[in-house]
Amino acid sequence: MAEMIADTLSAIRYLFNLRRFGIKLDLLPTARALRACNSPQLAFPCIHIGGTNGKGSTSAMVASILDAHGLKTGLFTSPHLTRFAERISINGIIISDEDMVRLLNEVIKTRISLSFFETATVLALLYFKEQNVDIAVMEVGLGGRLDSTRWTQTSVSILTSVEHDHHLALTTHLEHIAWEKSGIFMPGKPAVIPVFPEIIRNTVLNRAHASDSPVFESGKDWSFRLKGATLCWSFSGFEVDFPPPLPGYYQAKNTGLALTAAAVHLGDSFNPEKAITGLCSMHWPGRFERIENFIIDGAHNPDAAESLAVSVMEKGLAPIPVIIGGMYDKDLKKVIKPLLSVAQGFHVTKIDSERAMDTFRLANIVQECGGKILSVSDDINFLVQDLRGKGTILVTGSFYLAGKVRGILLNLRDDSLFLTDPAL
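Add 687 to the 1-based position in the sequence shown for this note's numbering, that's all there is to it.
For the record, the hints were derived by calculation from the structure and aren't laboratory data. Virtual Cβ for every residue (Gly too), placed ideally from N, Cα, C. Where hints are given, some of them may not hold.
Stated by the list, open to error - Simulated pairs of lysine to any residue, SDA-like, Cα-Cα distance not exceeding 25 Å:
no.	residue 1	residue 2
1	K796	L892
2	K1017	K1077
3	K1020	C1056
4	K1002	G1057
5	K914	P959
6	K907	E976
To be verified - Taking CB as the label site, the calculated pair distances span:
no.	residue 1	residue 2	range
7	N1051	E817	26 to 34 Å
8	P874	G906	22 to 30 Å
9	E1001	Q1072	24 to 32 Å
10	P874	G1032	32 to 40 Å
11	D1039	A897	16 to 24 Å
12	L1097	L712	30 to 38 Å
13	F1069	A1005	45 to 53 Å
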């Protein structure tokens, strides 16, 4: 019999050790584990959200809208910022340590070899079934077609964006990335998409046609526009104006995606006033989040960095000092370049992870890009404390850096080991 987990520390150690298996683009292990756990994913419908950027914030917005409609709503997202348990929540309340340990043991009892993310997925689905959720909002981990979240009972799919990312695991051709990510479309179930470039749009629509999925496309079936501090969304006779829950044009697009998907799922039960109430009460950490004099954003790929730079410019915050840190397996040069237009200079640092890029190498990359070095420090705690109260500071380059700085500023309890998804 497999050895059981006794406490939270042991659970985190177990999950930490699973990372050595890396990324597994294979549906079979998750299918076998779910079957051994009496198929918890069949107990509730799911809104399934994939894409390169924006899927986390879009997932949070969908969950907030459904919560405001009185639904018991499970939310599964990745990565976490401070604690693993943040990935799994119901109506904004994260899973308890006790429930996490108990259900992790249920997954272990299956004796099926699962990756870190597969284990997290099965654990979340077990929890949602046990808690009798009305619906779950599930964020894809990597890709779509072969992601472990694909076994859910999809009511509506959302594809937020198709851009270059995770290129170590997926093809670099955008049409192939689009084909993989739109693999979450389920037969006969609607899909909500933004405006895409023609080559991506054709691939996505062909995928939808092949699965007989009705498509709700921005600019055709629904629309949004951002006018100053007001976002206007219209769909199927609804037209509402409200303050956007998150700053930036790309988040306005994500808000439109979330509203449309919720409206499609809820049908006649959809209430725009409740939806806006839910959105306005939403808090999504690590996405242009202001804490004290710091703005914290987990942008970790070129398109996210470009959108972040636009938001900084729109807020009139440029030029701004930037704390930068990231993973050695990410193309940080392409993350830094979009930030040059708004950066006063860069404080180069690192996080406590074997995947973290060392500060010497990162400082060289910043200089190669034409950026100014303000400081170099391996001690993120010292750097944050030193910059407290010294004007607005942007923190970016990695979700894990965002989480670490957030934890320092808010004095949050974090996990005993630094857990990172192999692909993020």
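So which hints don't hold here, by number, going up?
1, 2, 6, 7, 10, 11, 13
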